[in-house]
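J.: Take the given structure of chain A and dock chain B to it, following the hints.
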Amino acid sequence: MQRDSFGGLRNLLWWAAGVGLAAVVLVAALSSGQDAATILSIFSTRFLGIFIEAAPFLLLGTLASGLIEAFVTADDIARLIPRNKFASPVVGAFLGFLFPVCECGVVPVVRRLFLKGLPMSVGVAFLLSAPVINPIVLVSTYVAFGVGPILIGRFVLTIAVAVIVGWVFAFSARPEHVLRPASLVPVMGGSSDVLKLTSRKSFGTGLREALRTASDEFFDMGRYLVLGTLLAATLQTLVSQDTLLALGRGPVVSVVVMQGLAFLLSVCSTVDSFLALAFVGTFTTGSILSFLVFGPMVDIKSTLMFNGIFKPRIVFYLILLPFLLTLLTGLWINLNLPL
Amino acid sequence: MDIYQNIPGLNLAPQRTSPQMWLKTVLLLGLGVYFIVVIGTGSLTNYINERFAWLSYVAAGIFLLLGAHSLYMVLRPEHAVGKDRSLSWGALSVIAIPLVLGTLVPSRPLGAESVDRISTSAAINAAGSSISQFEIDPLNRNVLDWLRVFNSVPDFAELNGQPADLIGFVYSEPTFPEDQFMIARFTVSCCVADASAIGVPAFYADTPTLTQGQWVRVQGAFQVGQFRGDVLPVLQVASIEVVDQPEHPYLYP
Numbered sequence: 001m002q003r004d005s006f007g008g009l010r011n012l013l014w015w016a017a018g019v020g021l022a023a024v025v026l027v028a029a030l031s032s033g034q035d036a037a038t039i040l041s042i043f044s045t046r047f048l049g050i051f052i053e054a055a056p057f058l059l060l061g062t063l064a065s066g067l068i069e070a071f072v073t074a075d076d077i078a079r080l081i082p083r084n085k086f087a088s089p090v091v092g093a094f095l096g097f098l099f100p101v102c103e104c105g106v107v108p109v110v111r112r113l114f115l116k117g118l119p120m121s122v123g124v125a126f127l128l129s130a131p132v133i134n135p136i137v138l139v140s141t142y143v144a145f146g147v148g149p150i151l152i153g154r155f156v157l158t159i160a161v162a163v164i165v166g167w168v169f170a171f172s173a174r175p176e177h178v179l180r181p182a183s184l185v186p187v188m189g190g191s192s193d194v195l196k197l198t199s200r201k202s203f204g205t206g207l208r209e210a211l212r213t214a215s216d217e218f219f220d221m222g223r224y225l226v227l228g229t230l231l232a233a234t235l236q237t238l239v240s241q242d243t244l245l246a247l248g249r250g251p252v253v254s255v256v257v258m259q260g261l262a263f264l265l266s267v268c269s270t271v272d273s274f275l276a277l278a279f280v281g282t283f284t285t286g287s288i289l290s291f292l293v294f295g296p297m298v299d300i301k302s303t304l305m306f307n308g309i310f311k312p313r314i315v316f317y318l319i320l321l322p323f324l325l326t327l328l329t330g331l332w333i334n335l336n337l338p339l
Numbered sequence: 001m002d003i004y005q006n007i008p009g010l011n012l013a014p015q016r017t018s019p020q021m022w023l024k025t026v027l028l029l030g031l032g033v034y035f036i037v038v039i040g041t042g043s044l045t046n047y048i049n050e051r052f053a054w055l056s057y058v059a060a061g062i063f064l065l066l067g068a069h070s071l072y073m074v075l076r077p078e079h080a081v082g083k084d085r086s087l088s089w090g091a092l093s094v095i096a097i098p099l100v101l102g103t104l105v106p107s108r109p110l111g112a113e114s115v116d117r118i119s120t121s122a123a124i125n126a127a128g129s130s131i132s133q134f135e136i137d138p139l140n141r142n143v144l145d146w147l148r149v150f151n152s153v154p155d156f157a158e159l160n161g162q163p164a165d166l167i168g169f170v171y172s173e174p175t176f177p178e179d180q181f182m183i184a185r186f187t188v189s190c191c192v193a194d195a196s197a198i199g200v201p202a203f204y205a206d207t208p209t210l211t212q213g214q215w216v217r218v219q220g221a222f223q224v225g226q227f228r229g230d231v232l233p234v235l236q237v238a239s240i241e242v243v244d245q246p247e248h249p250y251l252y253p
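Order-wise, the sequence lines are chains A and B.
Start counting the first sequence at 1; every next residue gets the next number (the numbering used here).
Start counting the second sequence at 1; every next residue gets the next number (the numbering used here).
The following block holds chain A by itself, in its conformation from the complex (with noise of 0.2 Å):
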């Protein structure tokens, strides 16, 4: 069956990822000359300080999602997407304001959404603009930036790309093409069974329900967290900022160089505003926009949990079109606008 062969190369991806790591972690404790205690225990602090900032987001993530398995019924999601191809997306984009979930907790919630017969577009543009449309996030730029470019410049961008995105899976995307077979089979059987099975059930038996989906689901994402985590944690303790700062002035490579760094250190969406405003005096704001925009939508952790649900061949799409929309308009910012 297709099953085993791409059971065999995620088993493959798995074992190259963790050699990689392993590579990574070698020379990097080879090339730092400290004892391998004191490296273990600065990586730990590290790794631990990720994911404990990380883990309630995705918690509640994972319980958002259960709770909608059990409680929302396919009808009542049509209810709130027009039909129309153009205009669905842009409802998408904005769905995050009533599913509140940051980048770890969105991945889910997709899936969940996907399983109940969601469109493949609008679910696209939910999952590049949940992470930064939300009121979550829009509290902690305002903290970091008041109102001002930044932080309209994050938000319509934000919405701009996710919905630009979504319309390009609109038109050429099937969801057999696009999900993995485990997160497919129900999409592509119709969507009868999933409404006959979520008809409305007592509190009781839905709340139970929201919890065992939660914690299978918290296995399921955890670990592409857990190993994003560590990745995200060799790199810091690896790669020197003086490195990447020394080629940060110009309006391309600043923005490139912001937009690596996004991906590398996968800081979650509703504090990267803070980080952010490091690189304030340092970099333009084109690249600092970029930063902002293409950040939540992709990163290491992003990536790994994409692959969760996503056929390898989609997340490249899911990486490259919001890194080139990204890229194009933090250019556009870096050479048109005086800011």
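Simulated from the structure, these hints should not be mistaken for laboratory data.
All values derive from a computational prediction rather than experimental measurement.
Ideal Cβ positions, reconstructed from N, Cα and C, are used throughout, including at glycine.
Mixed in with the good hints, there may be bad ones.
Claimed, not checked - So these bits of chain B aren't anywhere near chain A, every CB distance computed over 10 Å:
#1 W22
#2 E113
#3 P138
#4 E158
#5 P208
#6 V216
Unchecked claim - Stretch by stretch, here's where chain A covers chain B in the computed footprint (C-beta under 8 Å, at least three residues):
#7 40 to 47
#8 91 to 102
#9 164 to 171
#10 186 to 192
T.: Positioned in the frame of chain A, the structure of chain B alone reads:
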């Protein structure tokens, strides 16, 4: 009918409790207890900004809730709701990594050995804080407050003779003159992922007697001087004592 029934990628667990189910329960409860221990022992401040501590309470609560529910289903499988999805040992062991690291490696904040690039300037908070660093009594200003003062005075000479009382760790690089070091801290906005090192330059004739990374309380007064080729206010050390690592090792901008 179960939606998972026809999905080839998912196996239905046998009705009796599988060992994986037990491990899953142990991991959920273990992570819940780990979060409580981290909060209870105060080592949470080694990892994240205290402002976000409530998130860890949320995490502990949800972990324990999920763990308790999982335990109930393990002990009373006949009451289980829905079908169990069996998880591979691999997936479970990945989730065990934070628990293993958190339990086996002693918790320590980032210190002198993790400094990659140390800064002597700090951005002035635009919207974050309403209190100006100038309103703080000079003797109560911490390393971060002083760097903000450096950034906002038109002329460093205004600070000549101002007294300071600072706690930080000793940081020096091989290129520093023998009689100079830095009183350093890490600032953490969210968690250690965004930690950055900052420091106030200090002049102290007996600098060689200090140990790198050691926590100290330093009292003295500022005098404009040369540091790393820049003109900066340099703290002239009057007294220095070794202290315990503070309860909050990081400063929160």
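J.: State for each hint whether it applies.
T.: How the hints compare with the structure:
no., hint, result
1, W22, "13 Å, holds"
2, E113, "5 Å, violated"
3, P138, "25 Å, holds"
4, E158, "22 Å, holds"
5, P208, "21 Å, holds"
6, V216, "20 Å, holds"
7, 40 to 47, "holds (count 3)"
8, 91 to 102, "holds (count 8)"
9, 164 to 171, "violated (count 0)"
10, 186 to 192, "holds (count 4)"
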